[in-house]
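**Q** For chain A, the structure is supplied; the task is to place chain B on it using the hints.
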Amino acid sequence: MNRRKFLAYSVAAGIGAVLYRTAGAASADVWEQDFSSAAASNPYLQGYRGATQEFATDDIPIEGKIPAALRGTFYRNGPALHELGGMRHHHWFDGDGMVQAFRFSDPGVSHIGRFVETRKHVKETQAGKFLYNSYGTEIANSLALTSPDDVNVANTSVLPHAGELLALYEGGSAYQLQPRSLDTIGPKVWRADLKGMPFSAHPKVDPAGVMWNFGLNVRMGAIVLYQISPQGDLVKATVVQAPGLVNIHDFAITPRHLVFLVPPMRFNVDKFIQGRSVLDSQEWIDGAPMRVLVVDKADMKTYRFFELPSGFVFHFGNAWQDDAGMIRFDYVRLPDASTIAVDMREVMRGKVMARNVSETHLVTLNLKNGKATQERIPGIVEFPRVDPRVVGRRYRNLYLTARTTETSLHRGASAIERREIETGKVDTFDYGGDYLAEEHIVVAKPGEDREGAGWLIGTALDVRRRCTVLSIFDALDLKAGPIARATLPYALPLGFHGNFSGSV
Amino acid sequence: MSKKISMVARMHQLLIVTCGILPAVECMAADLQVEVRGLTGNGGQINVGLFNRAEDFPKTVHAGIRIPAGASPAIGTFTGLPPGDYAVVAYHDENGNGQLDRNPFGQPTEPYGFSRDARGRMAPPKFEDASVTLGNDNQTIIVDLH
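Order-wise, the sequence lines are chains A and B.
Using the numbering used here, read the first sequence as starting at 5 and increasing by one per residue.
Using the numbering used here, read the second sequence as starting at 149 and increasing by one per residue.
Here chain A stands alone, though its shape is the one from the complex (with noise of 0.2 Å):
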């Protein structure tokens, strides 16, 4: 698009942020005007705002000294572009995807933010206003929805491999990016008749790089599997179709499975079929199991499933296989639905819900008995991650936000953690009433192979200031507080995911 030629790398002061376009509103949707209100008094919603302009900075003041072994560029995905021709998104989910570039060199520390050009973000920003549903929000007179790519955003994660650049949303293909620029190059289509099959945004990689993906396909409950090599290419690619799968967004694997949580949730086609928004069309279970379903990596076709109590899941930290063969996991559980149904659309016309329960929890297969069993640990936590080098093998440490006081202003967390799995020791940073943490991730220290032996690194939003702090803590000490700092002259929109490639 010919607006790349107006992107600007470096301004003198050290400040670049392009307008690309102005938001106009013909008439404003009554979510726009609530959001503007109570935004107007509750400072913690402007990461809720959305963007409408690019970001660039070439050179971030920083205080303290990044490392000189971290080296690469640490990239995060969100929901960007929330309000359009005078409408804003009912969901916090709907966002056209904006991918956050950190890049760490010799100089020092540059950022590039750019949104991902899918078909719907191109077609919508010509059009000057949203054309379709999106997963959470259904507009009047919505184009029909012929592929799952007409509403892919592209905005929930973002991983790099192979050297290649992907842009991650669940309901529809990867987005290949240009690693350096972030110039959307489009769809990825790892096989040709596999073109348009979904690609979930939490791909694992094994510590030999191998790559393990699902792809959800809710109307049908089947699953595609993909095996990548660390090449990037394809290996295998299966579908499983099971009883009742709906509303899978994260998974796990251990050396020989793929650990899936399906909520007691059904799909309901009839309700999709006469317009309402893929939300709208599931209902929750009252009083079913959360199931467990695990496949094996071997044949990615034979599972079988395991019954846990009733509950809600986002994400997993990790699993494992011990030496008894019992496949043990930890995933942060929430009592029901209400956080994705009702809080995630609430806070876009600025209502702030109370936070609902979301805890770490430890559980147990027995292959043998076929029973789970799991242990509650109490905290409100979320965005768990591990280590890169313990993926799917017995691990020490899981890192989270943690919400560390009440407030009835945001759902947030101001606190980062590490919690020792297997001694219950917890590590924590707090940044303070006036931040919003965001996820933490582990980089490894290259040609260091213990777990934890590296940093870790990740946004929060400084709503007092209104802008965005990049730090780097030394992995196993997170209560020492930052080794370094970078403080963006902007506030950049709440996000979800990302990841670190040791390439700059």
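Bear in mind the hints are in silico, worked out from the structure with no lab data behind them.
Careful: at least some of the hints might be erroneous.
No farther apart than 25 Å at their CA atoms in a straight line, the calculated lysine-lysine pairs in the DSS-like style are these [stated by the list, open to error]:
1. B:K207 - A:K305
2. A:K305 - A:K199
3. A:K127 - A:K199
4. A:K305 - A:K375
5. A:K199 - B:K207
6. A:K192 - A:K69
Covered stretches of chain B, as calculated for chain A (at least 3 residues, CB under 8 Å) [what the hints assert, rightly or not]:
7. 247-253
8. 262-271
Since the model is a prediction, treat every value here as computed from it, not as a measurement.
Every residue, glycine too, gets a C-beta built ideally from N, C-alpha and C.
**A** Same frame as chain A, now just chain B:
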């Protein structure tokens, strides 16, 4: 050498002559020209299917045309059609295997489109949303490949 002209051909000639000279006479046939747009230049051919009954749509064609995929638009014509409702599906058979390929979740992996740019909701559109009414006059319709 005597020319042997078949009965059908005679009738056809008669129709043409009659239609040409006496416009007041009701003609029994018209042409439907299909303009297929949005070709991406990947070789193969454009397969165009014509449907005249809702119950056959979109699986069982009434008539079909193959156009080598070259410049956009690709143009083909169904001739001598009696008056009625017709819907058209066109797809770019990029690999030349004679069918609209789909992924394991049923989503077409080759570009395709319907007359009136009709779209279903994660499914083919209804016949009545895609159909045009053909009377006595020739018509041209456009199909955009997506």
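**Q** All hints, please: hold or fail.
**A** Hint check results:
Straight-line distance between C-alpha atoms of B:K207 and A:K305 comes to about 31 Å, which puts the hinted pair past the 25 Å bound. A threshold of 25 Å between alpha carbons decides the hint, and for A:K305 with A:K199 the separation of about 21 Å falls inside it, so the pair holds. Taking the CA atoms of A:K127 and A:K199, the gap is about 21 Å. The hint holds against a cut of 25 Å. Our distance criterion of 25 Å between C-alpha atoms is met by A:K305 and A:K375, whose separation comes to about 21 Å.
The straight-line distance between the Cα atoms of A:K199 and B:K207 is roughly 22 Å, inside the 25 Å bound, and the hint therefore holds. The straight-line distance between the Cα atoms of A:K192 and A:K69 is roughly 38 Å, outside the 25 Å bound, and the hint therefore fails. Judged by the Cβ-Cβ criterion of 8 Å, the stretch 247-253 of chain B is covered by chain A as claimed, because 4 of its residues qualify and three suffice. Interface restraint, the stretch 262-271 of chain B with chain A: holds (5 residues with C-beta to C-beta distance below 8 Å; minimum three).
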